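Trainee: Listed below are the residues making up each chain.
Protein chains: 2
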Amino acid sequence: MILEVAVLDIKPGMSREFESVFQEAAKIIATIPGYINHDLQKCLEKSDRYLLLVSWQKLEDHTIGFRKSPQYQTWKSLLHHFYEPFPEVEHYSSALKPN
Amino acid sequence: MILEVAVLDIKPGMSREFESVFQEAAKIIATIPGYINHDLQKCLEKSDRYLLLVSWQKLEDHTIGFRKSPQYQTWKSLLHHFYEPFPEVEHYSSALKPN
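In order, the protein sequence lines correspond to chains A and B.
For the first sequence, position 77 (counting from the first letter as 1) is numbered 77 according to the numbering used here, and the numbering increases by one without interruption.
For the second sequence, position 99 (counting from the first letter as 1) is numbered 99 according to the numbering used here, and the numbering increases by one without interruption.
Some hints here could point you the wrong way.
Pairs count within a copy or across copies, as identical chains cannot be separated in the list.
Stated by the list, open to error - Below are the DSBU-like pairs computed for lysine-lysine, each with C-alpha atoms no more than 30 Å apart in a straight line:
id, residue 1, residue 2
1, K46, K68
2, K11, K97
3, K11, K46
4, K58, K97
5, K76, K27
6, K11, K68
7, K76, K97
8, K76, K58
9, K46, K76
10, K27, K97
11, K68, K97
12, K27, K68
13, K11, K27
14, K46, K97
Keep in mind that the hints were calculated from the coordinates and are not lab data.
A quick note: this is a predicted structure, and the numbers were derived from the prediction, not measured.
Based on the sequences and whatever the hints tell you, model everything.
Mentor: Below you can see the structure in the form of structure tokens.
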């Protein structure tokens, strides 16, 4: 399992609209093969900052399966104009060892 | 519920030792009142980078209950020397709306 991680800084004053539109966009990503789940968290210390976490079965489900899909064009048109600066996206895998 | 988030950049070559020591340190944090769970994730794009996620019942369980505890001194002595630079810690709360 792979965790996609992005810190999203939203243009000032647009957070409420972003949250509303994100709810629609989330329905898109949930249809992509390999999608497991997602979480959107709002920062307490910095206004207009969010953390997006998306779990994928494997890296390519995000980097190829989603990003090369027609659905990604819709995702982009819904969400990308909210971001300032454009976010860096990283991928992680668990570093926890079984006890 | 509050999510503590820290990107941890480990000094080059020390990641394996960090992971081993973290496993011990994790037992400490799990004893703190308000602790719910934690996750440690390793970055695929940037070597020696980790993401620490800790869920707490409320903000003060981390910022006061843990950081003012004797256990925090042990946590610090186990882990802080691995970090370069010293990480910024942020707190988040869910921005997901019920469907």
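Trainee: Please go over all the hints and tell whether each is borne out by the structure.
Mentor: Results for each hint:
1. In the homo-oligomer, the alpha carbons of K46 and K68 lie at most 30 Å apart only across protomers (23 Å), although the nearest pairing inside one protomer, at 32 Å, exceeds that limit.
2. In this homomeric assembly, K11 and K97 come within 30 Å of each other (Cα to Cα) only across copies, at 21 Å, whereas the closest approach inside a single copy is 39 Å.
3. Both within a single protomer and between protomers do K11 and K46 lie at most 30 Å apart by alpha-carbon distance, with minima of 12 Å and 27 Å respectively.
4. For the identical chains of this complex, K58 and K97 are neighbours both inside a copy (19 Å) and across copies (27 Å), given an alpha-carbon limit of 30 Å.
5. Proximity of K76 and K27 under a CA criterion of 30 Å is satisfied intra-copy only: 13 Å inside one chain copy versus 41 Å between copies.
6. For a Cα distance limit of 30 Å, the shortest separation of K11 from K68 inside one copy, 26 Å, qualifies, whereas the shortest one across copies, 36 Å, does not.
7. Taking the shortest Cα distances, K76 and K97 sit within 30 Å of each other only across copies (21 Å), while inside one copy they are farther apart (36 Å).
8. With identical chains, the CA atoms of K76 and K58 are at most 30 Å apart within one copy only, with a shortest distance of 21 Å there and 34 Å across copies.
9. Proximity of K46 and K76 under a CA criterion of 30 Å is satisfied in both settings, with 24 Å inside one chain copy and 25 Å between copies.
10. Proximity of K27 to K97 under the C-alpha cut-off of 30 Å is restricted to the inter-copy arrangement: shortest distance 13 Å between copies versus 33 Å within a copy.
11. Taking identical chains as interchangeable, the C-alpha atoms of K68 and K97 lie at most 30 Å apart only when they sit on different chains, with a minimum of 28 Å there against 33 Å within one chain.
12. For a Cα distance limit of 30 Å, the shortest separation of K27 from K68 inside one copy, 17 Å, qualifies, whereas the shortest one across copies, 42 Å, does not.
13. In this assembly of identical chains, K11 and K27 lie within 30 Å of each other by CA distance solely inside one copy; the values are 23 Å within and 40 Å between copies.
14. Proximity of K46 and K97 under a CA criterion of 30 Å is satisfied inter-copy only: 20 Å between copies versus 32 Å inside one chain copy.
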